[in-house]
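Take a look at the letters that make up each chain.
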Amino acid sequence: MRVVQVKCPSCNTPIYSKERDRLFFCDKCNTLHVRDGGTDKVEYEIAEFNKSAQGEKVYMPFWRMYSSFVIRSKSVEGGQLFRLANWLKGGGDTGSLFIYLPATDMEPSALKYWSTTFTATPPRYATRLNFGGVRRLPASMTKDEATQMADFVVVTMEAEKPGVLQRLDYSLTVNDAKVVYLPFVYAQSGLVPAL
Amino acid sequence: MTGISVGLNCPACGGAISVVEGEDTIPCQYCGSMLFIEGDKGVSTIAFKSKVIHPNAVAATQAWWARGFKARDLKRVGQVTEVYPIYLPFWRALTRVAGWVCGYEERRHTDKNGKVTVERIPKEVMVLQDYNFSEIACDPGDLGIRTLKNFTGETSFADFEMIPTFEATTSKDDAVVHAKNDALSRARSSARVPHVTFERLHVVPKRLSMVYYPVWIVRYKYRDRMYMTGVDGVTGQVMSGRAPGDPVFQSLAVTAGASLGGMIAAAGLIFSDGSAEIAIGGLAVGAGILYVFYRFFRHGSEIVEGEFREKKGSSKQALKDIGSIAKQIQGGMR
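Respectively, the protein sequence lines represent chains A and B.
Going by this note's numbering, the first residue of the first sequence is number 119, and it counts up by one from there.
Going by this note's numbering, the first residue of the second sequence is number 3, and it counts up by one from there.
The hints are simulated quantities; they were obtained by calculation from the structure and are not laboratory data.
No false leads were slipped in.
Calculated pairs, BS3-like style, for lysine-lysine (alpha carbon to alpha carbon, straight line, at most 25 Å):
(1) K51(B) <-> K174(B)
(2) K208(B) <-> K230(A)
(3) K261(A) <-> K208(B)
(4) K175(A) <-> K136(A)
(5) K208(B) <-> K296(A)
(6) K261(A) <-> K182(B)
(7) K146(A) <-> K136(A)
(8) K296(A) <-> K146(A)
(9) K125(A) <-> K208(B)
(10) K136(A) <-> K159(A)
(11) K208(B) <-> K159(A)
(12) K159(A) <-> K261(A)
(13) K208(B) <-> K136(A)
(14) K261(A) <-> K296(A)
(15) K230(A) <-> K182(B)
(16) K125(B) <-> K230(A)
(17) K192(A) <-> K125(B)
(18) K146(A) <-> K125(A)
(19) K208(B) <-> K182(B)
(20) K146(A) <-> K175(A)
(21) K296(A) <-> K159(A)
(22) K159(A) <-> K125(A)
(23) K296(A) <-> K175(A)
(24) K175(A) <-> K230(A)
(25) K174(B) <-> K261(A)
The following block holds chain A by itself, in its conformation from the complex (with noise of 0.2 Å):
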């Protein structure tokens, strides 16, 4: 087992932070990068706060992933229409769509709603170089992790009422993931979305 102090890969600037966190992110030259049995530079977006955004703010990663998804059959029980069809670009059972899974860690039930609220409606935003001194939360999950877990937020808005889902023959290809960090508030009843 061996220490080593973490680096940035383009301008070898140590990084250093007060979380522990899988990506890092040079405050120098704005690069993040991940060590995952190497290093990899990742890219990454950052979202700007809506200007009438109030409360404690902080920055959320997720994984951003273009997925080709084909439904070759399926069946529900007690349902008629098929959500995820309706979300698809380009009608019909087969499309392409944005997955968001959040990186970092959270309760199932919170992973579940806040990955298929921006996977059916994708947020909106102008960007940013940096973190303008925002706290940002740690990112824990994988970029390989994300991309498995894709599918399991495309079977959810599946599974998800009317109808009782039974069958579904798919196949899901991630064509590009990058890192998508956006805006929250501390509110009373928690992180919301500060777009």
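With chain A held as given, fit chain B onto it using these hints.
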């Protein structure tokens, strides 16, 4: 979260840092540097510090002799002949299962005319759960120890040179496969969907580590026969062991089993009131009870505790056997 922590030093400032087992990143609490922990070939390795000393291991074994249906004179006649510690290697994995299990369950309803209808209730169950897995990473022989029960304690490699260590002989890839299969099977069971029509479960391995765990081996003699116990080197509890049984308990068991089983079978026949199901049910329960006690009689000459491959005479095995007998009887009734 486990209580295992490993002591290391920050390469930037030299400050002492404590890393929770399985974590690969940590900020230094002194200089704020982000640190990355590189494991041996990608697998972090830790060793638990042995908290148990020779007299504790002997005392734990002697206390174990007095429990259960072991020979009543074991504590008086048993003689400890050899006591020594060893390190056993274990694979430890944390896996997350995410997915859905869909299908249906069938409920049978009988109306007053005796007509049976089957209702089919569709089910869809989401699974999103983390599972801990451990398995021994070497051939445990006749130790009766295959998984880790305790995950908390102080870790240190200080005892590593002094205590004999079993080398890991099973592969990392096999351990990951076993951890995945274990998580899948537990996830399926937790979904409780009797008839599955669609299943999509993803198993994501999150952490894998090699854990060296101290175990005290205590060998002892009872009436010219050798027996052995494995004592947990951290908690001081007996993890596994073999001990002589008591012929008096065996005789009592077969007598009590025959009486109780006979009474239940007879009660089933007497109070069946013409119902074949109650009569056969009573017979089956009576036979089952007799079988449990018979197994104790048959295999009670040696009491075995722990994770042995073929643990004859165990209550778990007996219950499995009863389950299969009950299924056969049910099948015969249909």
